[in-house]
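There are 2 protein chains.
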Amino acid sequence: MKRFTKDNLISKGKAYNRNFVNCLSGFKSLNLIGTINTENNKTNLAPFSQVFHVGANPPTVGILFRPHTVERHTLENILQNKCFTLNHVDENFYKKAHQCSARWTQSEFKATGLEEEFLNDFKAPFVKISPLKISCVLKDKITLAVNETVLIVANIEEVWVAADAVEDDGFIELNKIGTITVSGLDSYHSTSKLDRLPYAKPIQKAE
Amino acid sequence: MKRFTKDNLISKGKAYNRNFVNCLSGFKSLNLIGTINTENNKTNLAPFSQVFHVGANPPTVGILFRPHTVERHTLENILQNKCFTLNHVDENFYKKAHQCSARWTQSEFKATGLEEEFLNDFKAPFVKISPLKISCVLKDKITLAVNETVLIVANIEEVWVAADAVEDDGFIELNKIGTITVSGLDSYHSTSKLDRLPYAKPIQKAE
Numbered sequence: 002m003k004r005f006t007k008d009n010l011i012s013k014g015k016a017y018n019r020n021f022v023n024c025l026s027g028f029k030s031l032n033l034i035g036t037i038n039t040e041n042n043k044t045n046l047a048p049f050s051q052v053f054h055v056g057a058n059p060p061t062v063g064i065l066f067r068p069h070t071v072e073r074h075t076l077e078n079i080l081q082n083k084c085f086t087l088n089h090v091d092e093n094f095y096k097k098a099h100q101c102s103a104r105w106t107q108s109e110f111k112a113t114g115l116e117e118e119f120l121n122d123f124k125a126p127f128v129k130i131s132p133l134k135i136s137c138v139l140k141d142k143i144t145l146a147v148n149e150t151v152l153i154v155a156n157i158e159e160v161w162v163a164a165d166a167v168e169d170d171g172f173i174e175l176n177k178i179g180t181i182t183v184s185g186l187d188s189y190h191s192t193s194k195l196d197r198l199p200y201a202k203p204i205q206k207a208e
Numbered sequence: 002m003k004r005f006t007k008d009n010l011i012s013k014g015k016a017y018n019r020n021f022v023n024c025l026s027g028f029k030s031l032n033l034i035g036t037i038n039t040e041n042n043k044t045n046l047a048p049f050s051q052v053f054h055v056g057a058n059p060p061t062v063g064i065l066f067r068p069h070t071v072e073r074h075t076l077e078n079i080l081q082n083k084c085f086t087l088n089h090v091d092e093n094f095y096k097k098a099h100q101c102s103a104r105w106t107q108s109e110f111k112a113t114g115l116e117e118e119f120l121n122d123f124k125a126p127f128v129k130i131s132p133l134k135i136s137c138v139l140k141d142k143i144t145l146a147v148n149e150t151v152l153i154v155a156n157i158e159e160v161w162v163a164a165d166a167v168e169d170d171g172f173i174e175l176n177k178i179g180t181i182t183v184s185g186l187d188s189y190h191s192t193s194k195l196d197r198l199p200y201a202k203p204i205q206k207a208e
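Residue numbers (the working numbering), protein chains in the order written: chain A, 2 to 208; chain B, 2 to 208.
By construction, these hints were calculated from the structure, which means they are not laboratory data.
The structure displayed is predicted, hence computed values, not measured ones.
Worth double-checking, as some hints may not be accurate.
Said to hold, decoys possible - Label-pair restraints from in silico Cβ distances: (1) A:T144 - B:I11: 46 to 54 Å; (2) B:I204 - A:N93: 30 to 38 Å; (3) A:N93 - B:N38: 43 to 51 Å; (4) B:I204 - A:K124: 28 to 36 Å; (5) A:A146 - B:I11: 29 to 37 Å; (6) A:V138 - B:E149: 31 to 39 Å; (7) A:A146 - B:Q81: 19 to 27 Å; (8) A:T39 - B:A146: 38 to 46 Å.
What the hints assert, rightly or not - Derived pair list, reagent style DSS-like, types lysine-lysine, alpha-carbon separation capped at 27 Å: (9) A:K3 - B:K177; (10) B:K15 - B:K96; (11) B:K15 - A:K202; (12) B:K83 - A:K177; (13) A:K177 - B:K15; (14) A:K83 - B:K3; (15) A:K13 - B:K140; (16) B:K7 - A:K129; (17) B:K140 - A:K142; (18) B:K83 - B:K140.
Note that beta-carbon positions come from the ideal geometry of N, C-alpha and C, so glycine has one too.
Modelling step: build the complete structure from the supplied sequences, incorporating the hints.
Printed below as a string of structure tokens:
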């Protein structure tokens with residue numbers, strides 16, 4: 002195994018360091034975040050790999066935003082009208098999802114051809130073909146002193162997902178709906194289920 | 002598609018709600034966190050799916066801890082001696098990784114047979130067979146007002162990974178080293194690379 006120090010990495014240049022470090026945490030979730038600017042009704046759609054579980058009751062998610070990137074419109078819209086959608090991405094439209102990260106002047110929905118959808122009077126747009134859609138309402142905003150990244154904490158209001166992907170105990174079979182995962186900044190991956198394991202107890206040695 | 006509201010979910014019981022909501026963010030990273038209690042030299046190893054990228058320069062990660070769970074020893078050890086390791090998990094030992102979540106009285110290394118390793122005088126133990134190992138030093142601790150979860154922010158010091166898994170631009174081919182991903186609380190998945198996509202520009206419509 003080769004050893005890399007943080008000084009090694011930085012000496013190899015910004016792009017190298019960014020690619021390397023973005024892979025270190027492991028595979029990441031991929032969501033398209035749908036928002037709307039309520040002043041001009043312009044919708045926005047942006048891919049994020051920094052959405053994570055914060056709590057189950059009430060259902061709560063966190064999203065980490067870099068303040069000076071193309072994702073800024075998403076953050077501004079969320080702070081403006083307090084609501085957004087999360088939309089899982091499958092193999093059929095991950096290239097369009099990636100294309101949403103370009104600096105479009107028009108709405109990313111129009112630019113990429115991903116159709117927008119409004120459900121149940123929620124103020125932010127969903128991605129019509131997404132296999133799992135979530136409406137979220139802003140709860141808190143925390144700026145991390147370490148590097149000025151912004152952590153948005155939000156409550157989940159409603160979820161739309163194929164009923165047959167939800168098992169009797171509430172587990173959602175993400176493989177069944179085709180949700181993909183991302184590594185680093187730009188590498189997309191499908192998954193194969195190895196196993197669901199039972200609650201671990203200290204009875205016997207693991208296999 | 003079926004619609005689930007947060008009231009629907011909570012009415013189905015705690016376990017159902019927990020399983021469902023833990024799947025909503027999408028696929029998650031899986032890391033074994035290695036720590037040591039420096040008062041009695043007892044090592045600890047615990048699986049976490051809440052490790053995420055915070056920044057590339059300096060290399061920074063975040064971990065979200067629920068305060069009243071079995072993972073508490075990990076948090077206490079980190080707060081005590083400021084250091085810990087992250088260890089990716091592959092198909093060969095994910096069952097042992099899962100077994101580390103049981104409430105053992107002895108060190109999880111001993112209980113599961115995962116061999117511990119100390120590298121370069123770093124105070125916390127690594128998992129010898131892990132394909133990607135990271136040493137981290139505590140930088141900040143933030144308690145989220147929303148539900149008292151604790152966000153640990155840490156700097157990455159050193160990384161050990163197979164040299165041939167690192168591409169010329171710094172990207173790490175996690176598929177090559179076998180890193181797996183997790184969904185919900187207990188579902189493990191291998192991945193297949195679909196594609197790495199170039200930096201998106203607003204030139205032409207996505208395919």
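Each hint, compared with the structure:
1. A:T144 - B:I11: 46 to 54 Å: violated (31 Å)
2. B:I204 - A:N93: 30 to 38 Å: Since B:I204 and A:N93 have Cβ atoms about 22 Å apart, the given range 30 to 38 Å is violated.
3. A:N93 - B:N38: 43 to 51 Å: Distance hint for A:N93, B:N38 holds at roughly 49 Å.
4. B:I204 - A:K124: 28 to 36 Å: holds (31 Å)
5. A:A146 - B:I11: 29 to 37 Å: At 34 Å between Cβs, range holds.
6. A:V138 - B:E149: 31 to 39 Å: violated (20 Å)
7. A:A146 - B:Q81: 19 to 27 Å: 22 Å Cβ-Cβ, so the 19 to 27 Å window holds.
8. A:T39 - B:A146: 38 to 46 Å: With Cβ atoms ~26 Å apart, the hint is violated.
9. A:K3 - B:K177: holds (15 Å)
10. B:K15 - B:K96: With a Cα-Cα distance of about 25 Å, the restraint between B:K15 and B:K96 holds, given a limit of 27 Å.
11. B:K15 - A:K202: OK: B:K15 and A:K202 at ~20 Å, within 27 Å.
12. B:K83 - A:K177: violated (41 Å)
13. A:K177 - B:K15: holds (24 Å)
14. A:K83 - B:K3: holds (25 Å)
15. A:K13 - B:K140: holds (24 Å)
16. B:K7 - A:K129: Distance of about 21 Å is within 27 Å: holds.
17. B:K140 - A:K142: Roughly 20 Å between the alpha carbons, so the hint for B:K140 and A:K142 holds.
18. B:K83 - B:K140: With a Cα-Cα distance of about 8 Å, the restraint between B:K83 and B:K140 holds, given a limit of 27 Å.
Checked against the numbered hints given earlier, the structure breaks hints 1, 2, 6, 8, 12 and satisfies all the rest.
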